[in-house]
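Protein chains: 2
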Amino acid sequence: MNSTIETILAHKSVRKFKDEKLSGEQIETLVKSAQAASTSSMIQAYTIIGVTDPDKKAELAAIAGNQSYVEKNGHFFVFCADLYRHEVIGEKEGAEVTDSLESTEKFMVALIDAALAAQNASVAAESMGLGICYIGGIRNDLNAVSEVLQVPDRVIPLFGLAVGVPAEDNEVKPRRPSAHVYHENTYRSDKETVRRELEEYDRTVSEYYQERTSGRRTDTWSAQMARMLEGKKRMYMKEFIEKKKYDLK
Amino acid sequence: MNSTIETILAHKSVRKFKDEKLSGEQIETLVKSAQAASTSSMIQAYTIIGVTDPDKKAELAAIAGNQSYVEKNGHFFVFCADLYRHEVIGEKEGAEVTDSLESTEKFMVALIDAALAAQNASVAAESMGLGICYIGGIRNDLNAVSEVLQVPDRVIPLFGLAVGVPAEDNEVKPRRPSAHVYHENTYRSDKETVRRELEEYDRTVSEYYQERTSGRRTDTWSAQMARMLEGKKRMYMKEFIEKKKYDLK
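Chains as they are written, first to last, in the working numbering: chain A, 60 to 308; chain B, 60 to 308.
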């Protein structure tokens, strides 16, 4: 196993950082790493916003549900799906691009592009000994985030990425068994298999929590997921996305 | 610069592979690397389908626009957004999860989750000396892909990933200047700046092609993007996504 794969397999989210800012050079390396990711037909449909202003960081932390590590970290990035400059390209080149920019296809392309870039930045950061945590919590209120960061239409802040020198050492959480995630040639959809797999992974997760809480927490993955999905979080999203002129056609 | 960042920055898509299959161990390393990526609240909303059946590979290559490297590679993966098993969890736990599964928020979560996983697999592959190419072309006809791979509702094949021993050595394509992609504290949206940046990058891209084609190709990025976006590709996508019970609420 090489050091890159060691880095990748050792990933765990870090939510407590030392009070040490990333250098300009480190930030540039992370941005350049992000940009080196594959991009659909070179569309490069994302923008990365670094947030250093303490007031803005405090506002984002509040939006994300008072997550202190949104404020306290080495650097805070927000990854945005971005087709704004492609709209400008349409004007500049006299090309009819609106239908395309507003298609579900391009919404997907922009999300995937931004996520590939972010994961490159994450792996790069971890290879430098830094810790990272994705902050999906900013999606609690993207109207507010859009105001804080002053993003125009055709730009959607997707998630934050907190980076910094770790001040805690977490354990790697057990993922679903690879054999459940990886199918060959066809999707294994028969419900009996799925239920059996769920029960197997539920036991793993439950044991993981029991060991780490001296038996106080006995949660299964299924129970966690059911609770989360019953929650109906962020049901304003469709309206927001369409207001930003994405996913309309 | 460490070797992981060197790997990341050296990325270029490979479209010609040697006739050498990945070993089972290599495939497992890539799947485990994919799974080690961050996942929103541990939702793990993706499935990876390895396609080894020659007939299925030929069908996928045809769908992707006769891309030979979809057939000829060391291994071919299809990354799918997947909330199917979360539906089974809802049944199993007696939880009302439908609104959540059909929300735009969860559509985004599943896409981002799958993309983060895929990029981990890509970086891991490249660190092993393998080449990769994302195949967005499978989205030309996801109805057909769904039949080939027999995916149920709540599963969306997003892109392929061809992996293998490179039989060609491409150059790294120039990305947008980092200073254009990276903004600080607020999004720089004034159109004069955007246009000036576009012109700068247009020159870079144009020079890149001119040098490599002895002046025959003089394309700018803006012209490429305008042409692509005028194309209105994959406008069936919204209907397909909704048919698969995503992005409805």
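Hints are supplied without guarantee of correctness; some may be wrong.
Which stretches of chain A does chain B cover? Using the computed rule of at least three CB atoms under 8 Å from a CB of chain B, they are [stated by the list, open to error]: (1) 118–131; (2) 214–227; (3) 268–277.
Calculated cross-link-like contacts (lysine to aspartate or glutamate; reagent style EDC-like; alpha-carbon spacing at most 16 Å) [to be verified]: (4) A:K250 x B:D212; (5) A:K250 x B:E150; (6) B:K151 x A:E161; (7) B:K250 x A:E152; (8) A:K151 x B:D249; (9) B:K304 x B:E243; (10) B:K91 x A:E65; (11) B:K292 x A:E161; (12) A:K91 x B:E65; (13) A:K151 x B:E150; (14) B:K250 x A:E65; (15) A:K297 x B:E301; (16) A:K151 x B:D158; (17) A:K151 x B:E289; (18) A:K297 x B:D158; (19) B:K308 x B:E155; (20) A:K151 x B:E155.
If you only want the chain B side, here are some residues facing chain A, beta carbon under 8 Å, derived [said to hold, decoys possible]: (21) S273; (22) G274; (23) T277.
If you are wondering where the hints come from, they were derived from the structure by calculation, not from laboratory data. Quick caveat: nothing in here was measured; it's all calculated off a predicted structure. Cβ atoms here follow ideal geometry from the backbone N, Cα and C, with glycine treated the same way.
For each hint, the structure was consulted:
{"no.": "1", "hint": "118–131", "in the structure": "violated (count 0)"}
{"no.": "2", "hint": "214–227", "in the structure": "holds (count 3)"}
{"no.": "3", "hint": "268–277", "in the structure": "violated (count 0)"}
{"no.": "4", "hint": "A:K250 x B:D212", "in the structure": "holds, 13 Å"}
{"no.": "5", "hint": "A:K250 x B:E150", "in the structure": "holds, 11 Å"}
{"no.": "6", "hint": "B:K151 x A:E161", "in the structure": "violated, 38 Å"}
{"no.": "7", "hint": "B:K250 x A:E152", "in the structure": "holds, 14 Å"}
{"no.": "8", "hint": "A:K151 x B:D249", "in the structure": "holds, 14 Å"}
{"no.": "9", "hint": "B:K304 x B:E243", "in the structure": "violated, 38 Å"}
{"no.": "10", "hint": "B:K91 x A:E65", "in the structure": "holds, 11 Å"}
{"no.": "11", "hint": "B:K292 x A:E161", "in the structure": "holds, 12 Å"}
{"no.": "12", "hint": "A:K91 x B:E65", "in the structure": "holds, 11 Å"}
{"no.": "13", "hint": "A:K151 x B:E150", "in the structure": "violated, 52 Å"}
{"no.": "14", "hint": "B:K250 x A:E65", "in the structure": "violated, 44 Å"}
{"no.": "15", "hint": "A:K297 x B:E301", "in the structure": "holds, 13 Å"}
{"no.": "16", "hint": "A:K151 x B:D158", "in the structure": "violated, 41 Å"}
{"no.": "17", "hint": "A:K151 x B:E289", "in the structure": "holds, 13 Å"}
{"no.": "18", "hint": "A:K297 x B:D158", "in the structure": "holds, 12 Å"}
{"no.": "19", "hint": "B:K308 x B:E155", "in the structure": "holds, 15 Å"}
{"no.": "20", "hint": "A:K151 x B:E155", "in the structure": "violated, 49 Å"}
{"no.": "21", "hint": "S273", "in the structure": "violated, 22 Å"}
{"no.": "22", "hint": "G274", "in the structure": "violated, 21 Å"}
{"no.": "23", "hint": "T277", "in the structure": "violated, 15 Å"}
Going down the numbered hints, you'll see the structure goes against 1, 3, 6, 9, 13, 14, 16, 20, 21, 22 and 23, while the others check out.
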